[in-house]
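Protein chains: 2
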Amino acid sequence: MGKDLVYAVVGCGAIGGFYGAKLANSGKAVNFLLHSDYDYVKLHGLTVESVDGDIILEHPAVYNDATTMPSADVVLVCLKTTANHQLPELLRPILKPDSTVIMIQNGLGMERDLQPIFPGVGIIGAMAFICSNKVGKGHIRHLDYGALTMGIHCNVDAARMDAITHDFRASSVAITIAPDLNTARWRKLVWNIPYNGLSVVLNSETDRLMAVEETRSLIRSLMIEVIEAAKACGAEISTSFADEMMEATQKMKPYRPSMMLDFLNHRKMEISRMYLSPVAEAKKHGFEMKRTMTVAQMLAFIEANY
Amino acid sequence: MGKDLVYAVVGCGAIGGFYGAKLANSGKAVNFLLHSDYDYVKLHGLTVESVDGDIILEHPAVYNDATTMPSADVVLVCLKTTANHQLPELLRPILKPDSTVIMIQNGLGMERDLQPIFPGVGIIGAMAFICSNKVGKGHIRHLDYGALTMGIHCNVDAARMDAITHDFRASSVAITIAPDLNTARWRKLVWNIPYNGLSVVLNSETDRLMAVEETRSLIRSLMIEVIEAAKACGAEISTSFADEMMEATQKMKPYRPSMMLDFLNHRKMEISRMYLSPVAEAKKHGFEMKRTMTVAQMLAFIEANY
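Chains A and B, in that order, are what the protein sequence lines are. Each residue of the first sequence is one higher than the one before, counting from 1 in the working numbering. Each residue of the second sequence is one higher than the one before, counting from 1 in the working numbering.
Excised from the complex, chain A in its bound form (with noise of 0.2 Å):
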């Protein structure tokens, strides 16, 4: 085993801050940017209320300038996708040569932009399947689930996958390995771009959505609209897996996407990454998503009148 890898957490959200917090917990050296939460944590440390067992840290190392940061092995970056023309800024002073980048985030090419910007970082794309929310100012509520699938993106080696992977599992955070990212990536669309969209489009929760049969209908439209996207661009996916998707959120408790708390908040949506990157990309393989379009636009119209 080589030395312990040191950790940056950038956002710490529902997501960065369970993920920052379980490896923390653990003993990994876990530093945070923090931007609007940051006296707050400092002061009063970082709380995950999580049905896996409450954890508290005091003192988390935590940052709001990334210039002051230390370099990092590891950055998992935790940000909506809203915020990524921030990433040049935010990542180049925390990277060394031999950094890892992970992107825990919804939608299609965030790791094909970033490369360019960090020639050389590795690179891991990965999908939080979790439910979790941030309830207050270094508050976050984990419901349930919490595993991590991880694809690798660009520059990163068996020995670090392995590190990384190690030091997930050690904090009680399962992980899967995806053959291929891109795959892995429109597998996560096939949930997201249906629940995501209508969840706000109609002021829904899942729970509603899929009690009315003809937006069960819709909703597996949808989906098979991403699977033959996906098809297209080279990622195959069973059809069956949009069935096992629908009898999975038929079982879920009433859920929000996060779109949907986007929007109750009036926050900018993530309609760039999470609809129209992969309706340009599908576009750009031939195949047009005319369903997912219509249920982008609707929710551009949507958020242009918060």
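Heads up, some of the hints might be wrong.
Each pair may be met inside one copy or between any two copies, as identical chains are not told apart.
To be verified - Simulated pairs of lysine to aspartate or glutamate, DMTMM-like, Cα-Cα distance not exceeding 20 Å:
id : residue 1 : residue 2
1  : LYS268    : GLU213
2  : LYS231    : ASP162
3  : LYS283    : GLU214
4  : LYS42     : GLU288
5  : LYS268    : GLU214
6  : LYS3      : GLU49
These are computed hints drawn from the structure, not numbers from a lab. From a predicted model like this one, the values you see are computed outputs, not experimental measurements.
Chain A is already provided as a structure; the job is to place chain B on it using the hints.
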């Protein structure tokens, strides 16, 4: 010239009240079949407050039971299509073998459904290009336009068509005769499908829908989809018609399409005839109206949650 035609108006709302009053005001025999407003109109008459000059019928010939009505040469069906299941019962008592039914409705396929129920009877489909609202019992407010486009579905000879056209024109209602009803109905859908559905799903009048680039783009995509579906169904409409419709709407005062009024009043919406019938007809001809169906499924969800 033959004997004067006797008219019956079934459904005395924004459409039936307006055209019935116009005909009656020009001296035609018009019998009105009313439901909820019967008592009020019997006592207080029918008022059409109109940009073209108000019309007050103090003692219109009103009925609340079709079986007590005189038979009619021409029946104007001015119900919402959501009430079309009542037509056999409502029309049977007032039809003669040579009567003509004019269906002033939105949607597709209403004439084809009526024909086998009253074989031999003449059927005309009509589209009203009018801004008119029912603002109270026996009180119609006519804001703009008022022209009717009519197309023969079956069993209407030239003499009857001439007589009807003459009567309407004598009542100062502009009449256009469409050479092909199918094309005329699809042309009306080019406007109806985007604006009715989106005004409900996004709870916005036409001006706000036109104020955002993404909804303008969605409206145009929906229009093009309707034009492509029409083509599959044998109705040729130029794509420039979409641009004409958008420009005309851009110039209109803020307008609430009829479906938005239904929605705001929690009345059943014309989803079936305005959305599902065109979608089914296009599918039968090998074309899938994916965008239109997406909107329709959202509308069904909204109606299910009234």
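How the hints compare with the structure:
1. Taking the closest pair of Cα atoms, LYS268 and GLU213 come within 20 Å of each other only across two copies (17 Å); inside a single copy the shortest separation is 30 Å, beyond that limit.
2. Proximity of LYS231 to ASP162 under the C-alpha cut-off of 20 Å is found in neither arrangement, the shortest distances being 30 Å within a copy and 58 Å between copies.
3. In this homomeric assembly, LYS283 and GLU214 come within 20 Å of each other (Cα to Cα) only across copies, at 18 Å, whereas the closest approach inside a single copy is 27 Å.
4. Taking the shortest alpha-carbon separations for LYS42 and GLU288, neither the intra-copy value of 48 Å nor the inter-copy value of 57 Å comes in at or below 20 Å.
5. Only between protomers do LYS268 and GLU214 lie at most 20 Å apart by alpha-carbon distance; the minimum there is 16 Å, versus 28 Å within a single protomer.
6. Taking the shortest alpha-carbon separations for LYS3 and GLU49, neither the intra-copy value of 31 Å nor the inter-copy value of 85 Å comes in at or below 20 Å.
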